[in-house]
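Asks: Use the sequences and the hints to build the structure in full.
Sequences listed follow chains A and B, in order. If you're matching positions, the first sequence starts at 1 in the working numbering and goes up one per residue. If you're matching positions, the second sequence starts at 1001 in the working numbering and goes up one per residue.
For the record, the hints were derived by calculation from the structure and aren't laboratory data.
With beta-carbon atoms standing in for the labels, derived distance ranges:
no., chain 1, residue 1, chain 2, residue 2, range
1, A, 97, B, 1785, 23 to 29 Å
2, B, 1789, A, 57, 24 to 30 Å
3, A, 57, B, 1785, 29 to 35 Å
4, A, 70, B, 1778, 44 to 50 Å
5, B, 1045, A, 97, 48 to 54 Å
6, B, 1794, A, 97, 18 to 24 Å
7, B, 1785, A, 209, 49 to 55 Å
8, A, 209, B, 1794, 36 to 42 Å
Even for Gly, the Cβ is constructed at its ideal location relative to N, Cα and C.
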Amino acid sequence: MIQLNHVEKVYPLKGGVFYALRNINLTINEGEFVSIMGPSGSGKSTLLHILGLHDSAWNGEYTLHGQAVHQLDKKKRFDLQKKHIGFVFQSYHLLDDLTVYENLEIPLSYRDVAKKERESVVCDVLDKFGIVAKKDLYPSQLSGGQQQLVGVARALIAKPSLILADEPTGNLHSDQGREIMSLFKKLNAEGTTIIQVTHSEENATFGSRTIRLADGVMLG
Amino acid sequence: MLTDLRFALRSLLKSPGFALVAVLTLALCIGANSAIFSVVNAILLKPYPWPDSDRLVYVYNSYPQMGLPNAGVSIPDYLDRRAGVRAFADAAMFNTMSFNLASDAEPERIVGLRTTPSLFTTLQTGAALGRVFNDSEAEPGHDHVIVLSHTLWKNRFGANRAIIGTTIRLNTETYTVVGVMPDGFYFPSPQNQAWVPFAFTAAQKSDHERGNEYSSMIARLKPGATPAGAQADLDLIQARNAERLVDEREFYKTSGFGGRLNGFLEQNVAGIRGMLWLVQAGVAAALLIGCANVASLLLARAVARERELAIRAALGAGRAWLMRLMLAESLLLFLAGGSAGLLVAWWGVDGLGSLGLSTLPRAYGVQLDFTVFAFTLFCALLTGLGFGALPAWSASRGDAAAALKEAGTRGSAGKRTSFVRAALVVGEIALAVMLLSTAGLLVRSFEKLQQENPGFSPGGVITAQLDLPDAKYDRDEKRTAFADAALSRLRALPGVSAAGLTDVLPFTGNNSSGSYSSPDIQVPAGAPTPHGQQRVVDPGYFHAMGFTLLRGRMFTDADAPGAQRVVIIDRLLADRYWPGQDPIGKQITRNDPKPWTIVGVVAPVKFQSLEEDLKKETLYYPYAQAPGNRIILTVRTTGDPTLLAAAVREAVHSADPEQPIYDVKTMQQRMDNVSQHRRAPMLLISLFSGVALLLAVLGVYGVLAFSVAQRTTEFGVRLALGATAGDIAGLVLRQGSRLVLIGVLTGLAGYLALSQIIGRLLYGVAATDPLTLAIAPVVLAIAAFAACLIPVRRATRVSPMVALRAE
Ligand SMILES: Nc1ncnc2c1ncn2[C@@H]1O[C@H](COP(=O)(O)OP(=O)(O)O)[C@@H](O)[C@H]1O
Ligand SMILES: [Mg+2]
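Replies: This is the structure:
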């Protein structure tokens, strides 16, 4: 599903260039649950940005679902991302002015899903995540764990084949974190490919594989 | 408080850019307000330089049924009323005189007043040097005494204190100087330089003199007396006269004759009061908009300082303390703005003069005095407290703990203040719409006025006034000889196509009218006797002014003193009394039984202003057959008329080297001066609405830019969730257009609420003219859209990575 060949990312700096990623070669198959680990500043987020098609200023080859990303123009990349990828954020990033229901609706509205259909999809997801009772609450009225639950639900709502999560449990208590991890595991079992960045060895055990980064280089 | 101010000053100096923008905005807005207020104050508010000037009234005759609501008074009228109106503490009668002051160099014309000695007791002001007139000097033969203004005494007589008792020569006659008035005193305006007694002959005091209404009358009401009480006595006097004067009774009745009174200030400024207040309101609106912008800046600053304020609060600063700190800062800003504003005002007052405000009545008193200074301080303090309180209150309300925890990244203050800022911007837009709409209508109105046809063609015409002294020009032959000499010289000049003279020129504010009759006019019972404007003109006048002849002929040189007496009438007279008939050959009489035969009909012309309704008929008599001492020369040239000024002086000088001329102006200048009370306010309101537009658009920009900065993360998240740049741009544009829409609607509603008042100041266009009212919203929408573009661009450039970046 994902194939990276000789991917590298450089930031131009005053004194020269800084390699945030060097010679990354990586294959991730459909249905995998991968955890990326490494010390702070090792390039984990940078890698996730590249995988998530947010960043286009890198060298190398990246194939996603058979599409050569490095050859695609901006528009095509964006379409590819819309179709396949969902994001979960460390600080949830729910929109404060919108209710839980409305937050879940956003990705669908950006994908031109008709109102009727949006309704049924959102209701399904609310049901599946057991947060029907919370649908009219605002993010500030939820606990951190609940917010991240909504965050994951929102990432899933457009039925992506790949979920990218950058330290999804970084702001949560360990039992709340465990809940999210179980949820990931369940989603993975249902067929969604998941790539998460994490600092916690315990969280990494939920995954099927761990990739370690240090100073922009993959360690085995 | 002093410590607060010191703190505030230090914190302001730390962000000099913000302070500079705020102070400049305020300086411009407050300065413009002070400049306009200096005009409003000088013209509408400032008392005259004599005691109890608010109790001074102007007394006049009125003939409402004859289309003559506002006439002067006659000597017997004055005597009746001074003695008979119990509400008058004192009264005076006067008329203007032109003095030719003999001099070694150029003869100089001095404007003087011939007045009853009671002028000085009515105004309760005595001489600074010497004395004013005593009653015996109001006797014919004893009246060659003069009181000088302080200015004339200083400028012409070197402030010589020994001048009292000496004689000076005026109009080739000798006057003894008896007094000099105090510095700063004037009546009726500072232009007036001298006063001589108004002596009445026995004949002038008799009933025969009634109807000779060439003088003005003022009176001072007793303390506590009301104008209504005075009016009742005026009516009583009139009723008694009607009882006594049997021959006049019918005329009094049909003409609706009576004495009236009006406040002296009111009489002078009523015509421009509305416009001046409108301009003051307009500039005040611009100030409010400027203040809203500064308040908005202060709010943004408070948001940026949220963490600092939170720390202060956590260290024990109470809410009152925080408010004081913020208030001190805004007060400091507004006071600095006010002080700089005085500079702007000082410069602005000059600018207002060149915009033409100096031609308005009482504009001579426009200056930056203590009142204006106090007004400026008041403006600065009021707006400073009002608009400063808003951010202070808002900022001090913050939750310290929350602010500290969030470490200022996604501050709650930003949220909390965004509503206030939006409301401020909506208010700014609303005010700008109101100003723009008003400006648009004033412009349309002025355009309409300029399109009005005065009935003559002013282009290429230069005019000059001169007053022949009665003592020197005491016979008709001398007058016509002078006129012939001056005019023939003018006609010989290259480029001059016609030259003529008149005794009353359009657009000078002067008029002359009188009753006439005709064997050919049957006045219906109960209708007033014919009454018309009268002019004395020479054959060249109609050509020089470009009058249109409708029937018959113009005057010629053959209409000489010995020839048949002739008169030219205008179409209004012909239509009034002889509709459908040929008036040529019909006869007019006035004063004496010898008739004047109508030889021509000309198109009517406007005399007072372009706004004038052509209703009152005019009769033109030939100068050769009715010469007077009041002459206005009119010269038409094919070139630039202003270049002819020297030649006109030259021509008069060659006809009489002692004769000064004055008020040399082109016809166009006169017409521009008359429309000045519309032109200057129109220009000013347009200027202010332009500033308002700019400030309001800056306000929109400020709010959106701030909001985009606040929403960066949100935009990042939306992008990560699949939003396109277009979706994000739409969000910002929607926010902007919502502000603009609400603002525009509020502004239109506000304008409509005031449209009645504004309508009264318009000419030829309705206050609700839809086409003009559509302009402001469109202009504002376009400008606001442009203001949105930068924030929109910034919003669409947000990278989704900002959302993913761990915090
Ligand atoms: N815009 C940038 N410019 C320069 N260097 C950057 C930029 N963004 C990230 N880096 C650097 O790249 C390296 C990798 O960053 P990142 O991928 O965010 O690390 P992490 O593994 O903690 O997520 C870090 O050393 C960081 O300082
Ligand atoms: Mg990271």
